[in-house]
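Since the structure of chain A is provided, determine the placement of chain B with the ligands on it from the hints.
Residue numbers (my numbering), protein chains in the order written: chain A, 1 to 317; chain B, 1 to 446.
Since the hints were made in silico from the structure, they are not lab data.
We put the CB at the ideal spot given by N, CA and C, even for glycine.
Take the hints with a grain of salt, since some may be wrong.
Claimed, not checked - BS3-like cross-link-like pairs, simulated, lysine-lysine; straight-line CA separation at most 25 angstroms:
no., chain 1, residue 1, chain 2, residue 2
1, A, Lys76, A, Lys89
2, A, Lys76, A, Lys62
3, B, Lys288, A, Lys297
4, B, Lys10, B, Lys29
5, A, Lys295, B, Lys288
6, B, Lys288, B, Lys414
What the hints assert, rightly or not - Here are a few chain B residues that sit away from chain A, every Cβ distance over 12 angstroms (derived from the structure):
no., residue
7, Pro11
8, Gly33
9, Phe48
10, Gly53
11, Leu60
12, Pro151
13, Trp190
14, Lys265
15, Met302
16, Val351
17, Tyr400
Unchecked claim - If you want the footprint, here are the derived chain B segments under chain A, 3+ residues with CB under 8 angstroms:
no., region
18, 122 to 134
19, 305 to 315
20, 321 to 333
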Amino acid sequence: MSGISRRRFLAASLAGCAATTLAGPKKALAAGSFEGYPDGMGVLVDLTRCIGCRSCEAACNKEQNLPAPDRPFDDKSVFDETFHGGKQKRRPDENAYTVVNRYSPDDSDRPLYRKVQCNHCNEPACLSSCFVNAYTKTKEGAVVYNSKVCVGCRNCMVACPFNIPGYSYSSAFDPVVKKCIFCHETRLKKGLPPACVDVCPQEALTFGKRKDLIKIGHQRIQTHPGRYLDHLYGEKELGGTSWMYLSPVAFDEVGFDPNPGNEPIINNVKDFLGTVPMVLAIWPAMFTGFHLLAKKKEHDEHNHDVEKQHDEEGGDQ
Amino acid sequence: MKSLIGWGAKPVDSHVNEKTDQQWSLFRKLMLGLTPGQYLGQALRNPFNWILGIIFAIGLPLIAYRFIFGLSVVTHGSNDYPWGLFLGFGLFAMVPLSASGFMLGTAVEIFGRHDFEPIERLALLNGLLGYLFAVIYLLVDLGQPWRLPYPMVVSFGPAAVLFLVAWHVATYLSVQVAEVSVSFFEWIGWLGGKRFIRRIALGLTVSGIILSTLHQGALGALFNYAPGKVHPLWYSASFQWIHFFCSSIPAGLCMVIAVSTVVKKTMAWRCDDNFKDNLDRCTLGLAKGASLALITYLAIKMIGVAHDNEWGYLATGWGAWFLFEMVVGVILPIILFAYAVRHQAVNLARVGAFVTIFGIVLNRLNTALIAFNWQLYQEVPHIFEVIIAVTIFAIYVVVYRFILYRLPIIFSWKEQPQEALAAQAARPAPIKTSTAPIGAMYRKID
Ligand code: SF4
Ligand code: SF4
Ligand code: SF4
Numbered sequence: 001m002s003g004i005s006r007r008r009f010l011a012a013s014l015a016g017c018a019a020t021t022l023a024g025p026k027k028a029l030a031a032g033s034f035e036g037y038p039d040g041m042g043v044l045v046d047l048t049r050c051i052g053c054r055s056c057e058a059a060c061n062k063e064q065n066l067p068a069p070d071r072p073f074d075d076k077s078v079f080d081e082t083f084h085g086g087k088q089k090r091r092p093d094e095n096a097y098t099v100v101n102r103y104s105p106d107d108s109d110r111p112l113y114r115k116v117q118c119n120h121c122n123e124p125a126c127l128s129s130c131f132v133n134a135y136t137k138t139k140e141g142a143v144v145y146n147s148k149v150c151v152g153c154r155n156c157m158v159a160c161p162f163n164i165p166g167y168s169y170s171s172a173f174d175p176v177v178k179k180c181i182f183c184h185e186t187r188l189k190k191g192l193p194p195a196c197v198d199v200c201p202q203e204a205l206t207f208g209k210r211k212d213l214i215k216i217g218h219q220r221i222q223t224h225p226g227r228y229l230d231h232l233y234g235e236k237e238l239g240g241t242s243w244m245y246l247s248p249v250a251f252d253e254v255g256f257d258p259n260p261g262n263e264p265i266i267n268n269v270k271d272f273l274g275t276v277p278m279v280l281a282i283w284p285a286m287f288t289g290f291h292l293l294a295k296k297k298e299h300d301e302h303n304h305d306v307e308k309q310h311d312e313e314g315g316d317q
Numbered sequence: 001m002k003s004l005i006g007w008g009a010k011p012v013d014s015h016v017n018e019k020t021d022q023q024w025s026l027f028r029k030l031m032l033g034l035t036p037g038q039y040l041g042q043a044l045r046n047p048f049n050w051i052l053g054i055i056f057a058i059g060l061p062l063i064a065y066r067f068i069f070g071l072s073v074v075t076h077g078s079n080d081y082p083w084g085l086f087l088g089f090g091l092f093a094m095v096p097l098s099a100s101g102f103m104l105g106t107a108v109e110i111f112g113r114h115d116f117e118p119i120e121r122l123a124l125l126n127g128l129l130g131y132l133f134a135v136i137y138l139l140v141d142l143g144q145p146w147r148l149p150y151p152m153v154v155s156f157g158p159a160a161v162l163f164l165v166a167w168h169v170a171t172y173l174s175v176q177v178a179e180v181s182v183s184f185f186e187w188i189g190w191l192g193g194k195r196f197i198r199r200i201a202l203g204l205t206v207s208g209i210i211l212s213t214l215h216q217g218a219l220g221a222l223f224n225y226a227p228g229k230v231h232p233l234w235y236s237a238s239f240q241w242i243h244f245f246c247s248s249i250p251a252g253l254c255m256v257i258a259v260s261t262v263v264k265k266t267m268a269w270r271c272d273d274n275f276k277d278n279l280d281r282c283t284l285g286l287a288k289g290a291s292l293a294l295i296t297y298l299a300i301k302m303i304g305v306a307h308d309n310e311w312g313y314l315a316t317g318w319g320a321w322f323l324f325e326m327v328v329g330v331i332l333p334i335i336l337f338a339y340a341v342r343h344q345a346v347n348l349a350r351v352g353a354f355v356t357i358f359g360i361v362l363n364r365l366n367t368a369l370i371a372f373n374w375q376l377y378q379e380v381p382h383i384f385e386v387i388i389a390v391t392i393f394a395i396y397v398v399v400y401r402f403i404l405y406r407l408p409i410i411f412s413w414k415e416q417p418q419e420a421l422a423a424q425a426a427r428p429a430p431i432k433t434s435t436a437p438i439g440a441m442y443r444k445i446d
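So that you can see chain A by itself, here it is in the shape it has in the complex (with noise of 0.2 angstroms):
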């Protein structure tokens, strides 16, 4: 191989993974320790307080203008209901940013109800599987989206750890993901609570600083050791979130993950990502090298009997 051609092979290469090796080294960097955001907000979701009486479900679809229910919102009958043959409880969708469950665990003699909503990850999987950029976390410690440049692709809705984000499959023109934003525009930046968070009559959901909620979160644990499990759920879950729970029963009897790991999701990818690089840098010098080999071996063979060398070598991969 002359030099010219050589040149022209590195030419070619390089063209045809710039745009990967633009791509590359800040992909790598994105994860690793990450200090959390210090003034994010959150709020501290305690079950033994709520009451099922989906006030909060009323208010967000009041201050997200969903569309209006099938059932009112004081139509308990809901908490009844169960999809896929009684695998599943109701679940946040297009139409529903948040909704609360039911679950009768058994060591609990009364039962327990539950609000589903986006926890608000502190490193959102939603956000790092998005490849447009979709998601933001804002120092408000919201994890908002944006549909102008959302492709559809509904990679954040396979990423996300807690179910949550819902689709507009129905939208031909504009289909768009749909979840809790922690009425990011209308409240959060302005310092107010979220109007779930308002209008609950139980104050089983307490807004504030997270670093805060997880202090007040803990100090109930300990004023009422009868009361609550010894664990804050979403403390460190996944690399922490912004919205946490408390519970008296273990974590899985009211519908969570029992164990997702304190890992965020990123973390998953790093390993994969961390090969880009080198694939890119060994790959071209290897294969080129085995071409290099290749072209001596069969330069050498030409000089003996091509032919018969090709015959022999013909079932041989």
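For chain B with the ligands alone, kept in the frame of chain A given last:
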């Protein structure tokens, strides 16, 4: 077409009509050298076209229906199963099945295995079309398909694996267009373009390997975002991307065997002797390569199970399903290939290839659909979703056939003497060794 040839028609394989000594016009080349009447006649006589016609009659309106009324009318578009058949089959299965381009490119261009040249172009075309249709499946599935270029030009999310997939598939698609364009340039008779591609062939091949490694792997890494959702037997925190990359190798090789088998059965008139005579030998060679890759794949699958210590799951119903996938989709073809290579039983190797393809498709469907949300519930695709997936596959077959009938993929283009001479004169000496494989017929002319 066969009967027309029987009556003396001759498929176009050069610029000049042998009977009249005149240049074929582009129109007549498109018509395969037939008159429009003859062309229509042979198309209507083919029963396969009638089947295609029925599929299109049902499927095309459904595709239009999807774009007018949204995904919800043709899919079970659910918030728990955001990805259905379009991506499960169209993207996650079509892409590995199209790994053939870079596999054969590597074998021929990098490792100098010129004995695979008769089938190289078919492999390149298979790669190009597979990727193209993976993108088409994707377009049908995307909520806002017109925003497909967004990750390239409008808004970047470089920390996302999907960003890699998008960029790599897009760049690799253009690499494949360049690779396949050689046949097109021959067909339209533009030797300049062909010479240019031959000059950068090695660079194209190497960038093909890089891009393929990364995006085949990246498709697997996409599931690393959902560690809790994919059943542990199909999920491997550390090896997911290696599993996907590694299994794409037998997938690509077997797809070439499968396609060449179909081609030989259904369009023998279009294959030239170089293709027909070498096919059995090439098939066995590919089978051997595929079986080695399958053995590697089997080993790393087992390592994956052992590494995360998931042996316990093997005793469950999911374990049985996993073992079914492994035994039928991996171990059975390994045995078939081993026997076939040993006894030169080409047809057995072909059976093995089809079984492998089944296994790979099953693996991708398992990961993306069946074992996805295994703790939640089982998603069954909407019937319209199935019909649309089949329709797009039928379009793929039609485009495949359209190209194979015309471009010199499974036959060589007969250059006119003066053109060949001009090409020879214009070819710089050092390029000859590095790019000769691109055009087998050149060596014949030599
Ligand atoms: S709960 Fe889900 S949607 Fe909400 S921020 Fe976390 S990953 Fe994103
Ligand atoms: S924070 Fe706002 S958007 Fe989110 S559930 Fe509460 S009311 Fe709805
Ligand atoms: S408003 Fe408060 S008490 Fe009522 S359902 Fe919501 S969280 Fe529970």
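Verification of the supplied hints:
1. In summary, the hint linking A:Lys76 to A:Lys89 is supported, as the alpha carbons are separated by about 14 angstroms, within the 25 angstroms threshold.
2. Annotation: proposed proximity of A:Lys76 to A:Lys62 holds, straight-line Cα distance about 19 angstroms (limit 25 angstroms).
3. The straight-line distance between the Cα atoms of B:Lys288 and A:Lys297 is roughly 22 angstroms, inside the 25 angstroms bound, and the hint therefore holds.
4. In summary, the hint linking B:Lys10 to B:Lys29 is supported, as the alpha carbons are separated by about 12 angstroms, within the 25 angstroms threshold.
5. About 23 angstroms separates the Cα atoms of A:Lys295 and B:Lys288, which keeps this hinted pair within 25 angstroms; it holds.
6. Under the criterion of a C-alpha separation no larger than 25 angstroms, the hint pairing B:Lys288 with B:Lys414 is inconsistent with the structure, at around 32 angstroms.
7. Once the 12 angstroms rule is applied to beta carbons, B:Pro11 is consistent with being away from chain A; the minimum gap is 28 angstroms.
8. The claim that B:Gly33 lies off the interface holds: its Cβ sits roughly 33 angstroms from the closest Cβ of chain A, which is beyond the 12 angstroms cut-off.
9. Every CB of chain A lies more than 12 angstroms from the CB of B:Phe48, the least distance being 32 angstroms, so the non-interface label holds.
10. Every CB of chain A lies more than 12 angstroms from the CB of B:Gly53, the least distance being 27 angstroms, so the non-interface label holds.
11. With a cut of 12 angstroms on Cβ distances, B:Leu60 stays outside the contact zone with chain A, its closest approach being about 17 angstroms.
12. With a closest Cβ-Cβ approach of about 5 angstroms to chain A, B:Pro151 is found to fall inside the 12 angstroms limit, against its non-interface label.
13. Annotated as non-interface, B:Trp190 keeps its C-beta farther than 12 angstroms from every C-beta of chain A; the closest such distance is 20 angstroms.
14. Distance check on B:Lys265: its Cβ is at least 22 angstroms (rounded) from any Cβ of chain A, clearing the 12 angstroms threshold; non-interface status holds.
15. Once the 12 angstroms rule is applied to beta carbons, B:Met302 is consistent with being away from chain A; the minimum gap is 20 angstroms.
16. Distance check for B:Val351 against chain A: the nearest CB is about 17 angstroms away, which clears 12 angstroms, and the non-interface claim stands.
17. Even its closest Cβ contact with chain A, about 25 angstroms, leaves B:Tyr400 beyond 12 angstroms, as expected for a residue assigned away from the interface.
18. Coverage of the region 122 to 134 of chain B by chain A is violated in this model, with 0 residues showing a Cβ closer than 8 angstroms to a Cβ of that chain against a need of three.
19. Counting residues of the region 305 to 315 of chain B whose C-beta sits closer than 8 angstroms to any C-beta of chain A gives 0, which falls short of three, so the coverage hint is violated.
20. Counting residues of the region 321 to 333 of chain B whose C-beta lies closer than 8 angstroms to any C-beta of chain A gives 0; at least three are required, and the coverage claim is violated.
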